[in-house]
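Starting from the given sequences, assemble the full structure and let the hints guide the process.
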Amino acid sequence: MLSLITWAPLAGALIVLMLPKEKERAIQAVSFAAAGVSLLASIALLAPFDGGSAAMQFVERCAWIPSLNIQYFLGVDGLSLPLVLLTTLMSFIALIGSLGIKTRLKEYFFWFLLLEVGMLGVFCALDLVLFYVFWELTLVPMYFLIGIWGGPRKEFAAIKFFLYTLSGSVFMLLAILALYFRAVPHTFDILELMRAQAGWDPRFQSLVFLGLYFGVAIKIPAFPFHTWLPLAHVEAPTPISVILAAVLLKMGVYGLLRLCYQIVPAGFRWFLPALVLIAVVNIVYGALCAMAQTDMKKMVAYSSVNHMGYCLLGIAGMSAAGFAGAVLQMINHGVITGALFLLVGVIYDRAHTRDLSAFGGLALKLPVYAGLMMLASFASLGLPGLSGFVGEFLCFLGAFPSWKWQTVISVLGVIATAAFFLRMIQKVFLGALNEKWAGLQDMTTRELVSVLPLAALMIWFGVYPKWPLDLMNATLARMLGQ
Amino acid sequence: MIEHAYLIPLIPLAASLLVLFGGKEDPHSPMPWVAIGAMAVCLGLSWTIFQGAASGALALPYERNWEWFSFATTLGGKSFIYAMPVGVLIDAPAAVLLVVVSLVSLMVQVYSVSYMHGDPRYKRYFAFVSFFTAAMLGLVVSSNLLVTFACWELMGLCSYLLIGFWFERPGPCEAQKKAFMTTKLGDSGLYVALLLLYAKTGSFQLSQIRLFFEHGYMPAAVATAAALGLLLGAAGKSAQAPLFIWLPDAMEGPTPGSALIHAATMVAAGILLVAKTYFVFLASPVAMEAAAWLGLLTAFLAAAMALVSYDIKRVLAFSTISQLGFMMCALGVGGFTAGLFHLTTHAFFKALLFLGAGSIIHAVHTNDMRLMGGLSKKMPVTFLTMLAAVLAIAGVPGFSGYYSKDMILGAVWEHNRLMFGLLAFTALMTAFYMFRLFFLTFWGEGRDHDRHHHAHESPGLITAPLLVLALLAVFSGFGLSRGHLVERLLPKPVAAHPAAETAQAAPRPEQSAAPEAARAHPADHAHPIHHQEAEMPAPLASAVVALVLGAIGLAFLLYRGPTYPIADLLKSRLRPAFALLDRRWYLDDVFLALAALSDRVAALAFWIDANVIDRVFVDGWGLLTRVFAEIGNALDVHLVDSAVDGVGGLAADLGAGLRALVVDGQVQVYLAYAAVFGLAAAMLLML
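Taken in sequence, the protein lines are chains D and G.
If you read the first sequence in the numbering used here, its first letter stands for residue 1, the second for the next number, and so on.
If you read the second sequence in the numbering used here, its first letter stands for residue 1, the second for the next number, and so on.
These are computed hints drawn from the structure, not numbers from a lab.
One should not assume that every hint holds.
Partial pick of chain G residues on the chain D-facing surface, computed with a CB cut under 7 angstroms [stated by the list, open to error]: (1) Phe71; (2) Tyr191; (3) Thr224; (4) Leu228.
Covered, in the sense of this in silico footprint (three residues per stretch, anywhere, with C-beta under 8 angstroms from a C-beta of chain D), are these stretches of chain G [as the list claims (entries may be wrong)]: (5) 73 to 87; (6) 166 to 179; (7) 616 to 628.
Each residue gets a CB set at the ideal place from its N, CA and C atoms; glycine is no exception.
Take a look at the structure:
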């Protein structure tokens, strides 16, 4: 089943490759079919998934390169299943958003589907080599998707993204190799390594941790490795921004939990004081940088830095509540920020500007758009009743017992988050209508179809977050066990 | 009926969604009556509960919980699944407040049918008001601090939406943002208190946290920290110094919306929060004292500002702040009953004052009292009902405000004589500025002939709520204080008795996970109830009344018109003092400076991000990679290092190559590239 989910987009990608590029409809249809298969199959996992068990489920395992003890090993637990679902859902939503792509469709959808394979693989893989291959597999499609279909500085943004994240991965590769040679017998099996780590000395664990951390910190992105993100976001086409924020960043946090915390816990503990500091900087500094933006998209990009800080803070608390908060925050941030990027895209498509001060009074002209944008903004700034709050709250709840002052500062950082979203709302939607935009049309059906499911999720998970939490509770309680 | 108490917040919530999404926006839409009907049902439900509480037929407190969601958590090194309850906890004070909130909201909505008629967003206004009321009712009945916090924040949203209801104008936009940000600042205190209480008690449920306190398990320092956090939250919502700056601007919204904010919902929430978590305050003398002085300071600062303002709504806003200060001060000195009693009577007369002011503004189309005068003949119903309200807030014997204010002064007298003196002086200021308002608007002749000429009494839908509220403003104090009803309904919780019981009854977090364990402990609230509130000595009480009447007389002398020689003289002689009050103690300027400063800091942060962090960590990283690669080539390196170089160099080469590729990208080229890359990666791994 996991193989089906992971490889269906690849099958789609290959079919797209074989289609003549004039058949744009067919290319789109195949892409939707492939992503749809993944989406439906991942939803179908929910019924047989046992939320009460912390074990890996739907495991698929066979030898891949036996001489090096490399396996084809897939499985999901309460940590990765929510992320798999997030990936399939957001990929599908981003595909709807991709219907607006007009140039070089064939290549676009090919790279898009290949990207989805990589992302799904990262969350499913339980063998480090497999994991690393998928991890790197996301880079190349992303490079082209930004570099070809992006904005004015697309090439620069693409190369910066590519080289920077690749250089992080190098250290991750080093760490992986170190783990392989340390384990007896040599193995890349993540579950084996989790069991083997108890005997390793803290110094080794700390070194390996650093290697892994560089890889994931750039993806998260954790301060000070975050500067590629605003640029990449601003230049990327809308659906790719959605994927970047909704899924790609989550690979980093997932790596932090799965690799750093579970394989080298002693190294993780050693790094905790630094991690909590980074979390606070991400939150406060990210919010401040967002406050200084005049470009809506860049503001949302910096808000991601801010929100990933909550995840880091929750994780640094070393409590199940914080972990639950971090995972939930990943899901919610994916949904909310995905929606925000789609919505910024909506206005950019019409006005060809994202400058905050270029608008004014749009709520009078575009009530539906204004309503959805306000919903997503309030969800993002953590209004209770909308999904952003629950994850953020659990992160704070988990971090507070261990890191009192740091959490208090972060709670104050929430005020800055509110400040920049309210300013955006005021500048763009409120006040007298800027007559320049009197001719703007409200959202089209296609745009609504892509945003409304996300809006529904924001309200659902905000009012009744039981379902996503029940998926992950057992796994997280076990991770923090004893 | 009480088993359906959970419906009380849900009915207006459903009504609000129905009104918002049902039917087309139309200035004459019938949808508002849906919201009004829902509120009437709510009032009916609340009234039956209140009657049960008043007659003693109902066993209170009543608590019922359901499981909301559960999350994995770690406490004391053990991980388990915590089941978050959601439910209702209704004690006698809650029963009183349910009636107050739903009654005032109902009156406001009936009034609004006429007042807001013809507004292009007529329907939306009622949806917001319903939602606002639902959030407040939720706050009243919630059994759980997290739900309390959620309702609390949703009220913040509603006030944001209502204050900025006419968002085309710049004034409301600024005001709504200011309200949201200022209260958000306070909310962070509540947020931290929540985290602290959970970290210590392992529960969000009020009744369990309370047990924890009553068993004396809470260290005093933690109790103080938590109480101060709660106080900060309350200070934001209930407009205590210096966070009250948002409230005077909040009048940018529709006037009946202001009535709701000032009487029944928003500002009452902070006082209610302190009342709901009073056991935390009782465990911390420091926090109690802080609340008392904060309340006193607020009461005084706001009353002083009200002395000089000519904007009728602004005077009322200052008076709200000042009265909230009275309540907070009462709670701080241990006058629980007095504080909540004043919350109740204030809700009636303040709603009446705002709705009356709305009726006046409707008639003369200005907020400026200098342009009013002589309206008593033109608007007899408004005049008489406003008179009742002014007498009530001034504390004239027989009217509702007298009873509650008297009780507050009694509690303060008992606690601290200096505090009493200052608060009593503030009460005199209250009587003075309220009658100043009254004389300026209704007395003498119209000062603006045109406006006066066109002024007329408001229609029945506006005057009917005024009459209902006027009856309450007159009689609610007397009615509630008869036979010590108020002491029975709003009994002061007794302070914790540390270590009175043995440690075995400690609420374990594991227990809290079980929903059936959520029923309130029978010991809860079951203290003897005929607790007599402290009173002033009779001569002192008479003296206060005499002075209040004197203050009213002074207001008459100064402001009966038609000319104001003494007032003008004072104004010219005390120019700096008047300027200070006019600028609202310069607190708004401080706030603006802080906002500007935060913008500066943000700009600086972004400059650092673009020019330092990006340079050092991205460009520097690239440089480092190249240096390493060259060193690597020069040296004989072992396996791991060669991997670094390989990938590092590869990265650089790829980058250069890719840049060229992008320009004339052919799929085939990309594919070839991907293959090469994959192969290279595989080769590296095989090493």
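Hints and how they fare:
1. Phe71: With Cβ-Cβ at 5 angstroms, under 7 angstroms, it holds.
2. Tyr191: Nearest chain D Cβ about 5 angstroms off; hint holds.
3. Thr224: Violated. Min distance 15 angstroms.
4. Leu228: Not OK, violated: Leu228 of chain G not within 7 angstroms of chain D, min 12 angstroms.
5. 73 to 87: n = 9 at 8 angstroms, threshold three: holds.
6. 166 to 179: holds (count 6)
7. 616 to 628: holds (count 6)
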